[in-house]
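Chemist: Sequence:
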Amino acid sequence: MESIYRLLKAVLIEFFKTNYSECIPSDFIFQSTNKEHQGHITLMVFPLAKLVKKSPDDLANAIGIYLMSSDLILGQQVIKGFLNLRLSPKAFQLLIQDNSDLKIESKDLKKIVLEYCGPNTNKPIHIGHLRNMFLGYAVAAILKEVGHDVHKVNIFNDRGIAICKSMVGYMEYGNQTTPESEGIKGDFFVGKFYVLFSTECSRQAQPFIAQGMKKEEAEAQTAIFQKANDLLIKWENGDIEAIALWNLMNGWFYDGVRKTYARLGIDSEKDYYESQEYKKGKDIVEIGYQSGVFQKDETGAIYIDLTDKGLDKKFLQRSNGTSLYITQDMALVKQRFDDYRMDKMIYVVGDEQNYHFKVLKYIMEAMQEPFSKDIYHLSYGLVLGKDGSKFKSREGTPADADMILDAVVEEAKSQTLESGKAEQFLEKELKEIAESVGLGALKFALLKVTATKNIVFDPKEAVDLNGDTGSFIQYTYVRTKSLLSRWEGKLNAQMATELAAEEEDLILHLSSFKSCLLRCAEALDPAELALYTLNLAKIYNRFYAQVSVLKEENIEKRNFRVFLTNLTNQVLSKSLTILGVPLPEKM
RNA sequence: GACUUGGUAGCUCAGCUGGAUAGAGCAACUGCCUUCUAAGCAGUAGGUCACAGGUUCGAAUCCUGUCCAGGUCACCA
Numbered sequence: 001m002e003s004i005y006r007l008l009k010a011v012l013i014e015f016f017k018t019n020y021s022e023c024i025p026s027d028f029i030f031q032s033t034n035k036e037h038q039g040h041i042t043l044m045v046f047p048l049a050k051l052v053k054k055s056p057d058d059l060a061n062a063i064g065i066y067l068m069s070s071d072l073i074l075g076q077q078v079i080k081g082f083l084n085l086r087l088s089p090k091a092f093q094l095l096i097q098d099n100s101d102l103k104i105e106s107k108d109l110k111k112i113v114l115e116y117c118g119p120n121t122n123k124p125i126h127i128g129h130l131r132n133m134f135l136g137y138a139v140a141a142i143l144k145e146v147g148h149d150v151h152k153v154n155i156f157n158d159r160g161i162a163i164c165k166s167m168v169g170y171m172e173y174g175n176q177t178t179p180e181s182e183g184i185k186g187d188f189f190v191g192k193f194y195v196l197f198s199t200e201c202s203r204q205a206q207p208f209i210a211q212g213m214k215k216e217e218a219e220a221q222t223a224i225f226q227k228a229n230d231l232l233i234k235w236e237n238g239d240i241e242a243i244a245l246w247n248l249m250n251g252w253f254y255d256g257v258r259k260t261y262a263r264l265g266i267d268s269e270k271d272y273y274e275s276q277e278y279k280k281g282k283d284i285v286e287i288g289y290q291s292g293v294f295q296k297d298e299t300g301a302i303y304i305d306l307t308d309k310g311l312d313k314k315f316l317q318r319s320n321g322t323s324l325y326i327t328q329d330m331a332l333v334k335q336r337f338d339d340y341r342m343d344k345m346i347y348v349v350g351d352e353q354n355y356h357f358k359v360l361k362y363i364m365e366a367m368q369e370p371f372s373k374d375i376y377h378l379s380y381g382l383v384l385g386k387d388g389s390k391f392k393s394r395e396g397t398p399a400d401a402d403m404i405l406d407a408v409v410e411e412a413k414s415q416t417l418e419s420g421k422a423e424q425f426l427e428k429e430l431k432e433i434a435e436s437v438g439l440g441a442l443k444f445a446l447l448k449v450t451a452t453k454n455i456v457f458d459p460k461e462a463v464d465l466n467g468d469t470g471s472f473i474q475y476t477y478v479r480t481k482s483l484l485s486r487w488e489g490k491l492n493a494q495m496a497t498e499l500a501a502e503e504e505d506l507i508l509h510l511s512s513f514k515s516c517l518l519r520c521a522e523a524l525d526p527a528e529l530a531l532y533t534l535n536l537a538k539i540y541n542r543f544y545a546q547v548s549v550l551k552e553e554n555i556e557k558r559n560f561r562v563f564l565t566n567l568t569n570q571v572l573s574k575s576l577t578i579l580g581v582p583l584p585e586k587m
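Take the first sequence: its letters are residues 1 to 587, numbered as in this note's numbering.
In case anyone wonders, no lab produced these hints; they're calculated from the structure.
Any given hint could be a false lead.
Unchecked claim - Distance windows between CB atoms, simulated:
#1 Ser69 - Pro25: 17 to 25 Å
#2 Ile240 - Tyr355: 36 to 44 Å
#3 Asp283 - Ala220: 49 to 57 Å
#4 Ala545 - Gln93: 22 to 30 Å
#5 Asp283 - Pro25: 57 to 65 Å
#6 Thr450 - Lys313: 32 to 40 Å
Each residue gets a CB set at the ideal place from its N, CA and C atoms; glycine is no exception.
The whole structure should be built from the sequences, with the hints applied where relevant.
Modeler: Below you can see the structure in the form of structure tokens.
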């Protein structure tokens with residue numbers, strides 16, 4: 001698209017130079033022409049008319065006539081100050097030339113580290129993690145595609161009171177069982193004891209609640225909670241037994257969660273562990289305190305005063321000297337910049353932590369760390385249930401990532417069976433198709449919504465294979481693939497002299513792929529790419545239904561349509577790969 | 001209360017820096033498989049863009065105010 005605009009702009013500047021030499025516009029606004037009107041692109045004449053103080057219609061007419069001298073323009077029509085332009089075959093040929101190569105050359109390339117996933121090791125990952133992973137994966141892929149040097153890292157929140165709860169649960173109810181002995185996936189096995197702990201804890205809390213205590217307060221009074229707390233202190237003090245159990249249970253967890261990562265196609269080049277970093281935070285706190293950036297209150301707790309930034313006092317270390325969530329993040333961010341020396345650190349973390357990252361940035365600024373300006377929180381909205389409430393795992397709703405994935409894959413399988421096509425597939429193929437269609441549907445459903453917005457997620461709808469779904473795109477991809485597999489000739493970008501409207505639409509849309517990617521990279525949001533891809537599939541399907549490709553008798557036309565099919569296939573394949581949506585062989 | 005994000009068709013969402021009669025999909029209804037995969041295509045119906053002002057040739061989009069919803073404001077993570 002760009003080269004067309006560039007060429008047209010040159011002609012327009014020419015026009016203004018000859019007619020209105022005093023006021024040359026710095027920019028021209030084009031948009032695609034409305035369906036009701038003839039034309040492909042439209043020039044906005046209003047701002048120009050204002051500049052030269054002429055009526056929009058008169059100016060539009062004058063420009064329209066002038067543009068006819070360009071061999072890019074075949075026709076022009078002025079309607080209420082809109083100058084609608086029909087592009088010539090040469091213009092379309094140019095668009096094809098510009099876009100048959102999908103490589104993007106951009107400047108200002110950066111080294112970027114992106115943190116995503118971030119599971120807690122005490123229970124299986126849930127739907128919120130899915131959004132996090134899909135989003136992080138796609139953003140990283142987009143940045144890479146545009147040319148940046150991207151490094152994905154993962155953080156395991158592997159220490160703290162939560163895992164201690166699972167550990168106490170196991171000590172109480174485990175009876176020496178293992179995931180192997182029970183036939184349960186490791187992360188679920190660990191999570192089972194977290195639930196057992198929670199159940200017992202709320203049971204023990206009942207009497208306190210009856211006395212009028214708040215739930216959280218009451219639970220803190222229970223004997224079982226006390227055990228977890230003691231265990232945490234033991235762990236922090238390096239107690240051998242506590243650490244052995246911790247290693248054992250985290251091992252089970254990693255074993256389970258890595259299976260889920262593999263199934264989801266999620267990867268990272270480096271894993272960070274909170275347990276290995278958190279202590280360094282205390283040193284930073286100490287340095288900050290010594291240099292007067294942080295203060296100590298009467299109980300001995302250390303805080304930073306951010307009231308002049310419109311924020312509150314933020315505590316960085318408890319009065320008993322133990323570290324807090326923010327303490328370890330202070331250490332971790334520094335560690336990352338030491339490890340990678342990158343230009344930008346992107347945290348993919350939910351928007352409930354907006355405040356946290358704002359504070360983290362201010363603290364690093366206050367400590368005069370030069371990297372403070374390069375910290376970026378890529379924040380995304382919640383995944384809500386159908387009634388608008390948060391997904392929860394305890395009430396029997398299938399919020400666990402594995403459960404949701406299983407459900408979606410199962411649904412994809414039954415849809416395939418229903419379609420009547422299953423007979424032509426082997427059992428193994430059917431399984432593969434269900435897996436990639438199910439996973440694709442799930443990823444697309446979570447990626448098509450603007451990242452900052454909350455998503456209302458209905459598993460049934462995501463699984464639905466009709467309409468605005470990943471499967472629709474996958475289907476279109478398979479269609480192009482199947483068609484191309486029947487083609488034995490060469491690919492030829494030489495355009496036929498006459499184009500059908502469906503071909504023009506396809507070319508126009510294909511030609512905006514690169515600019516779409518660049519906008520996504522700028523916005524750090526794959527949603528536009530998801531919708532672009534969906535639209536490409538729609539436009540191709542229309543093309544497919546309206547014109548013949550392999551059965552076209554005119555050789556020129558046939559060759560060119562195969563070429564368009566191939567380009568569509570490539571763009572679909574590239575987009576889906578970036579989004580992390582699997583490419584099925586058959587459907 | 002403060003800060004922050006949002007409110008567009010019955011439902012889920014687009015609508016990029018202001019541009020033409022506000023667009024998709026789902027759900028409802030109609031057609032189209034002897035033709036390159038019908039998980040498809042074509043069509044009908046569905047709207048006071050939360051509300052009220054303002055800015056201007058022009059506002060879903062920008063500004064102000066109001067209402068509603070989510071999130072955050074811990075010596076939790």
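Chemist: A separate judgement is required for each hint: does it hold in the structure or not?
Modeler: Right, here's what the structure says about each hint:
A hinted range of 17 to 25 Å for the beta carbons of Ser69 and Pro25 is consistent with their spacing of about 19 Å. For the hinted restraint 36 to 44 Å between Ile240 and Tyr355, the CB-CB distance of approximately 38 Å keeps it satisfied. Judged by the Cβ atoms, the range 49 to 57 Å given for Asp283 and Ala220 is violated: they are separated by roughly 30 Å. One distance hint, 22 to 30 Å for the beta-carbon pair Ala545 and Gln93, holds here, with the actual separation near 25 Å.
At about 58 Å, the CB distance of Asp283 to Pro25 agrees with the hint of 57 to 65 Å. Taken as a hint, the range 32 to 40 Å holds for the pair Thr450 and Lys313, whose Cβ atoms sit roughly 34 Å apart.
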